[in-house]
Structure formats: C-alpha cells, structure tokens
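Note that the protein sequences, when read in sequence, are chains A and B.
Sequence positions in the first sequence follow numbering that gives the first Met the number 0 and run 0 to 214.
Sequence positions in the second sequence follow numbering that gives the first Met the number 0 and run 0 to 252.
Honestly, the hints are just simulated from the structure, not real lab data.
Just so you know, not all the hints are guaranteed correct.
Keeping only pairs whose Cα atoms sit at most 25 angstroms apart, straight-line, the calculated SDA-like set for lysine to any residue is [unchecked claim]:
| # | chain 1 | residue 1 | chain 2 | residue 2 |
| --- | --- | --- | --- | --- |
| 1 | A | Lys189 | A | Asn75 |
| 2 | A | Lys209 | B | Arg93 |
| 3 | A | Lys113 | B | Ser113 |
| 4 | B | Lys66 | A | Gly11 |
| 5 | A | Lys113 | B | Lys66 |
| 6 | B | Lys1 | A | Leu132 |
| 7 | A | Lys113 | B | Asn195 |
| 8 | A | Lys113 | B | Arg93 |
| 9 | B | Lys243 | A | Ile180 |
So these bits of chain B aren't anywhere near chain A, every CB distance computed over 10 angstroms [unchecked claim]:
| # | residue |
| --- | --- |
| 10 | Arg93 |
| 11 | Ile142 |
| 12 | Lys206 |
Predicted, not measured: the structure shown is a model, and the values here were computed from it.
Even for Gly, the Cβ is constructed at its ideal location relative to N, Cα and C.
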Amino acid sequence: MTKADVTIVDYGVGNLLSVQRAFENCGATVEITSNPEIIMESNRLVLPGVGAFPKAMKALENLNLIKVIFDYGQSNKPLLAICLGMQLLMDTSNEFGLSTGLGLISGKVIAIPKVSVVGETLKIPNIGWKNLLYSDNTNSISESILKNLEYVSSVYFVHSFMVQTSNPDHQLAHISYGGNIITAVIKKGKITGCQFHPEKSGTVGLQILKNFAGQ
Amino acid sequence: MKSLRIIARLDIKGSNLIKGIHLEGLRVIGNPNEYALRYYAQGADELIFMDCVASLYGRNQIANIIKEASKNIFIPITVGGGIRTIENVREILRSGADKVAVNTAAVKNPKLISQIAHEFGSQCLVISVEAKKNSLQNWEVLIENGRERTGLDVISWVNFCVENGAGEVLLTSIDREGTRKGFETDLISAVTNTINVPVIASGGMGKIDDLIPVVNLAGADAIAIADMLHYNRTTIFEIRDFAKKSGFDVREL
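So here's chain A without its partners, still in its complex pose:
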C-alpha cells in the first residue's frame, strides 16, 4: 500500500472527520491511525485535538504515542499541530494544574487574559473569526503554511488557553483579542502549529491545508 499524503494521529480527541475531509478536498490522500510505526513512517503528520491539555497528554501516553510523535518531530519531516495539538507541542501547560507537554517547541501554555488592554471583561472561550496578523519575521511566511493567502485573512478560533513560545522567532502570526496578543501560528523547522482550526476556516483554511500538503 502506498503511503498517504497526510497521516492524522487518532488519540480519541477531536473532530478527525472534518480534518480528513478538508485535506481530501485539497486533493490529498489521508490515513487516520494510532499505530506508532505508521506515524513514524508517515510523509506528513497532523496532530489534531480539542478539549483539555492533561486529558490529551494522558490519551497519548495510554496509546504509547508520546515518544513516537516527539521522534517524528525531530526527524525534519512536516508536522502540523492544530488547536490543542499545537499547545501539546509546548513544554508545559497550566490548564487544570501544571502538566508536561511534548516539548518539541520551547514555551508554555497559559490562560487567555480575562480583560482587554483597556480593562474590559473579555469573553472566555475566545470563539470566532479573527484576522491573522503577521509577526515580525515576514521572510519566513513564504515558506510556511501561510503562503499564498490574502493579506487580510480571517480564520476560526475556539480556545481558552494560549501558547507563549520562549523564542519570539518561533511565533509566525498572532491575533489581537481585546488588544492582547494571542499566538496564532508557530513554526520551528518543519514543525508548525496553529491555534485556529484550518479545517473550519472556509477557503482560507483549505488553502492553509493545501500549503501543508504541498510541503
């Protein structure tokens, strides 16, 4: 059997069907698996996820997937981590107490600020479409999943926690929520994470997935 273009990690968390269908809409073949060997050998790996951080890490642990995803991440092959999946790339999260993440990109996961920069109460979770704002290192955009997008592109977020990378260069794009900067896309080598849901972000999201499938 030929290898699928995109392999999605199934660890019982997240709407895998939507991610699969969005990639298929982009013309990519998709395999969904929790088999460590298939994951390690895959061409492009997607780590999806919704829900709570500790529960997701526990699910990966129970399936013996923590080491293989870490090793895959070190192997210089494309990895896309979506929403909670992106948060799992970090060292730690303080959602429901401090827990350890995959540590593929140095940084932490913390709660979204509850007030705006002018002191207004913010709704939590942050749900809705926000415009991507490009962080400083614009040169790398053309080599990332954000290439070929309109300058103003809205994508769909739903989250209560956010990522802070230790190295600011690892942040590729952000959004403003009540004036607070919230990380939207991170990148280190061939590892990319996005806080939003590309599979739920209309044509912009499909372009992003197409970009990933072409990496």
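Since the structure of chain A is already known, use the hints to place chain B on it.
What follows is chain B alone, placed relative to chain A:
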C-alpha cells in the same frame, strides 16, 4: 470594536428543513443540505442544525444530514435536538459536528452538562435555552422545543450551566421566534450581563437593522438567523456587509 458572528440556523424535522412561528406550526422549506451549502457559499460564520422533534420522539436522523453537510462545508457546525447521553454526543461529533447544543436532556439530567464538558471540552458544549416570559415578567426555561414548561428561571439556569462547563449559550426567544419583530433585547442583555461566555441571540430577526441593538445594547456575540435567510429576504453577504459598515468586527471573506 465589537465582534459579531453571523450564524445560519437550520431547524430540521426528519429529513426536511422546516420553519415555524414560536417554534410551532412547522412548515417545510426544503432540503437542509442545499440550504446549508448556500449559506456556506454566502460566507456564514457557522451553521446550527436543530432537530426539532428528535427530543420528542427520540429520533436521531440528523447524523446523516451532518455527514453529508460536512463533506463540502468547512465552517463550524453545531447540532442540537435529542442529545441525551455522552454516546449521542460522540455519534454527532463523529458525523462531522464540532459542537452540540443541549436543552431538554440538560434540564432533565443536569449532570449531563459537566459530563459532556469533561469528556469533550467546554468548547464543544452549547447550552440551548428556549426562553419565554411568564406572568411574573421573568423568563422561564422551556423544553421539548418550546412545548413544556420547567419552572426554571433563565438567569439562574444559565449561570448553573456555565459553572458546570457550558462554553456558549444559544438563547432563543420563544416569544419572538419566527415573528420578524426583532430580537428580544431585554432577554439577551439580562443573560449577557450575568455570564461571561459567548451568547448567540436567536429568534425574531425581521430586518437587517435588527442586528444593531442586539449587539450594541444587548451584548450578543453572535446572531442566529433562520426565517430571513430561508425565505430569501436577504443573504448572509448582505448582512455581513451591513454589519461591517455599522462598525462591527466581522470575518473577512
């Protein structure tokens, strides 16, 4: 700048898209998947599918509609109606939905709220509240698609739901639903003033201007529109354009 999500609401009976007034007198509109695709193409921010009789008859045909919709539609989909157990939620999510909206089963079994939030995350759980003003001028929670009274006060009920993990509230005014008289801003603002999760205002949008008070005065984070769209009295595109010109932060298409 106040942000606003524009959501198309599709009420379903069996395999049909339907529309009622005060959630009653249901009239068949057409094939829900055709309408869903149209609203996606027009730039809807989300879709809500509400199975209107599922809770009454215990049916769950809606999974097939969602499976079909999620083949070509790449925006968030919320499904409500007849969801009673964790297994029901799992089935609906596996069909392609992103969130479930729960009303009757949560009232009958309030533990279901924290169970769903714990199992699938708060982002997945929309509490659907059907509110009707009672003789004491309070809003009362109705269940079974507006057919049955509960004696529960809307304000204390939404607080309970949010404390137990609901990530969003879909607030339907029975008194306004299908009447085209505008949103019930008193109700919406009573709820947005008491909780800190996003509130979707539903019921009564009769003209595009109706969105201004429900956002500016009542603090709604999203509006759910059915009648205006189904009867082709406007398009999502026109609504978004108007919202943008009115100074709201809306999705760029």
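Could you tell me which of the hints above the structure violates, numbers in ascending order?
Violated: hints 5, 8, 10.
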